[in-house]
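K.L.:
Working from the sequences, and respecting the hints, build out all of it.
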Amino acid sequence: MSKMEDRLVHMANQIGKAFLLRPYQEAVDETAAHIKAFWEKRMLTRMFAHLDAGGAGLDEIPRQAMLKLQQALPK
Amino acid sequence: MGMIHEIDYGTKPSAATKLVTLTIDGQSVSVPEGTSVMRAATEIGTQIPKLCATDMLDSFGSCRLCLVEIEGRAGTPASCTTPVAEGMVVHTQNAKLAKLRRGVMELYISDHPLDCLTCSANGDCELQDMAGAVGLREVRYGYDGANHLGATKDISNPYFQFDPSKCIVCSRCVRACEEVQGTFALTIEGSGFGSKVSPGMSEQFFDSECVSCGACVQACPTATLMEKSVIEMGQPEHSAVTTCAYCGVGCSFKAEMRGEEVVRLVPYKDGKANHGHSCVKGRFAYGYAQHKDRITKPMIRAKITDPWKEVSWEEAIAYAASEFKRIQRDHGQDAIGGITSSRCTNEETYLVQKLIRAGFGNNNVDTCARVCHSPTGYGLGKTFGTSAGTQDFDSVDEADVILVIGANPTDGHPVFGSRMKKRLRAGARLIVIDPRRIDLVRSPHIEASHHLALRPGTNVAIVNALAHVIVTEGLANEAFIRERCDWAEYAEWAAFISKPEHSPEAIAMLTGVPAADIRAAARLYAEGPNSAIYYGLGVTEHSQGSSTVIAIANLAMVTGNIGRRGVGVNPLRGQNNVQGSCDMGSFPHEFPGYRHVSNDTARGIYEREWGVPLSAEPGLRIPNMLDAAMDGSFLGLYVQGEDIAQSDPDTQHIVGGLTAMECVVVQDIFLNETANYAHVFLPGCTFLEKDGTFTNAERRIQRVRKVMSPKNGYADWEVTQMLAQAMGMKMNYAHPSEIMDEIARTTPSFAGVSFARLEQEGSVQWPCNEAAPEGTPIMHIDHFVRGRGRFMIADYVATDEKTGPRFPLLLTTGRILSQYNVGAQTRRTENAQWHPEDLLEIHPHDAEQRGVKDGDWVKLASRAGETTLRAKVTDRVALGVVYTTFHHPVTQANVITTDYSDWATNCPEYKVTAVQVSHSNGPTEWQRDYQAHSNAARRIDAVAAE
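Protein sequences appear in the order of chains A and B.
In this text, residue positions in the first sequence follow our numbering: the first is 1, and each later residue adds one.
In this text, residue positions in the second sequence follow our numbering: the first is 1, and each later residue adds one.
It should be emphasised that the hints constitute simulated quantities derived from the structure, not laboratory data.
Quick caveat, the model's predicted, so the values are computed rather than measured.
Note that beta-carbon positions come from the ideal geometry of N, C-alpha and C, so glycine has one too.
All the pointers check out, no bait thrown in.
Facing chain A, a subset of chain B residues (Cβ under 10 angstroms, in silico):
| id | residue |
| --- | --- |
| 1 | Ser546 |
| 2 | Asn624 |
| 3 | Phe634 |
| 4 | Asp899 |
| 5 | Asp902 |
Below, in silico cross-link-like pairs of lysine-lysine (DSSO-like), each with a Cα-Cα straight-line distance of 30 angstroms or less:
| id | chain 1 | residue 1 | chain 2 | residue 2 |
| --- | --- | --- | --- | --- |
| 6 | B | Lys325 | A | Lys3 |
| 7 | B | Lys382 | A | Lys17 |
| 8 | A | Lys41 | B | Lys382 |
| 9 | B | Lys325 | A | Lys36 |
| 10 | A | Lys17 | B | Lys802 |
| 11 | A | Lys36 | A | Lys68 |
Computed footprint of chain B on chain A; a stretch qualifies when at least three of its residues, placed anywhere within it, have a C-beta under 8 angstroms from a C-beta of chain B:
| id | segment |
| --- | --- |
| 12 | 9-15 |
| 13 | 18-26 |
| 14 | 39-49 |
P.N.:
Right under this line is the structure:
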């Protein structure tokens, strides 16, 4: 994992932890909404690629949030 | 343009609403009950002679010059200490009073040098004026008796001198130091003829506790305390009101001028943020504007290892634009961006974000608020509906309990700090939550009821524990919550916060704060009845900065401390225009007025106004820009008035990112640290050289007025406009007022703001629009901006920055009174005399364990890097905690700080870094290398410069 991916994973995990006490689906939705609102597209692209490669280091909530965002991409 | 002369009413106004009617010299006047006779007379234009009275201070009644006669009363009472009464008949001038006043003046003048013609106060001396007013023509006592004419001058202060030979011992200076500044550095030593003003225990001013705020100089009616600049240059001939360019208090000053030279800056009494007070920075530290280090010609270079080459403005702008276009052509539209400055005006900041959004065609714009108050934007936005601080500064006068968390107002926001101290001396109770024993904890006539000296990084745990006590002990304000907040959200939050793991007892070990202290502080805050929270970067600059802001908002809501005077949540903004730069759309996800770029309505407004399609996706934040630079996808940066190489965390990461870029354009007044990595340097100008507005921490929009021509030839907004035009934009503003008109046209919260209005009213606090035509001093009065207040669960999550055997101590950073942020301005003034270097504060026990003595050179090392500086052994910091400032590039405290950041906003975690301290023999390798690069990068090609 490159330094940039390592940093993005850390950021995503931090966001996920902030919503950890919410009901599971709400935590995923809030994490996804936060990332969509604040992350620039090349950060997202990098994370989607990381996700495709297995998503090493991602906690469960941010992993699901990133998957949700990835699935919402225009086909 | 002439001099602005404010009327001195002699005594303070009365707050009473009941009017009293009296007659003064045959003229009827109605004034509020409690007004002094002196002030009532001044209201109708009658000047009663005075020396010890001035309306900045409480009445004193010592000079015996303001005597009057009142029908039906015996004697000749002092008009400054006599309140008006219904039907009172006052005579201010008659033969008896004239004789008495002349007698008093004779005594003063018999022990005063008669050098008026050569005195620095000539033309601005109240003693001289009063001698004229009472018709003094002779001094019967002669001048040969015992006197003070040979008293020695104290010239130790770099900005003003104290000449006791001219002192009339009116005590105005002593009272100003006590009442206005609250430092109590001055006293009257001795008695009778031997009475004299003394700083501390007969010390020199510079060695005393004096903080050089200038209040004593301003209060002095003679030349006893006089600015050295006036002594050197003479009296000013015209003046203009402008706004200070230092901290977020936003003090108004009169710039008193001779031609285009500043003679002095004097705090403006009608300034609504400062009410005539100042600090050592705003009052005196403006000399950087004339400093020899100012760069006034544009410069370019192909590589950062090349020397700079001076070029014309046309060439510099054309080069920058062509480079930006080339990078976009080769690497895509998103490969460039920019950074706005919280030191620049609203209009300049607005233009930079406009250039980036409409000219660069992306949202890669960020601002230095990223590294300070971005968590405030997130936390208050989510809970209250707006990031705005809730109160005006005057609100503190009605606070019963003041909770200061992660802020050091007497150093960081000194004029407001003095205001707070005044309220505390009047009886308000104080809670301080800070790892360090800041001055407010214990200073003359002030002692905090509770100082919760928490371990850095545990803010959320402490604030949640306070809320736990309030909820579980039945201290919540249920009526307020039911009326103003979402009850279901409250109930869920209350269940969370009531859990035993949030109790003071459960977190005492974690935070290092005894549970009993937390419980007592919580009860005090809840009992108020008016409790106000003031916080600073000790809250925001953490990995949980946004969570702490949310926890603070919860605390205010659960006790009903929102929506009226004396309460509220008050972020103390660091720089002069942090509030404004955020308001102006400097964040990559928001247009001006905090509207997300994906908001079609907001985007439509700007697309129509600017005539181009705009991106609906957020851009890169500063740390992301640097990451992307290292990654090869972000290669051009326009930086206006910021110095990220010194101010931002993990310097090596910053330098790495800047070095990876192909075109860095820096616009600044000095070759700052970031300029060491720049390819184009566009000289900027100071606040004295341009028109515009700043917005202070209480959302107050105030004018900045040009008092001298820009040394570089252009105001900063004009430089941005030239760059925008070179990028192909149609941008043709003739004056900053036109930019403000566009802001008002496109930003709902600014709809009622214009230069014309500011000219008329002095200032206005946003929101200012149809719904709030007079502006908004207090937010959320009847309802929250978002409707109902939202309780949000903010759980404590430990930072990833951990102490351990290699790095056992926690470093936290901050500011000192005399210096300002990266020090680019204050280091180039005499303020450097107070703080010539950054020091490392270390607890005596930690120092002893390492064999470190006071003044020793020590190496400060973290996982990010290492530097050296000198140690200051003090128990002001807790065991296990060390502290330093970041004002000097030689120290580079940010070599130590890490790239950990707030989960929501990426605001860096400056306040928690695991470090080790050890003895040092000299600069670190990083410091040596950096200095070598810095020296090389600042070379200016001698041939081209001619």
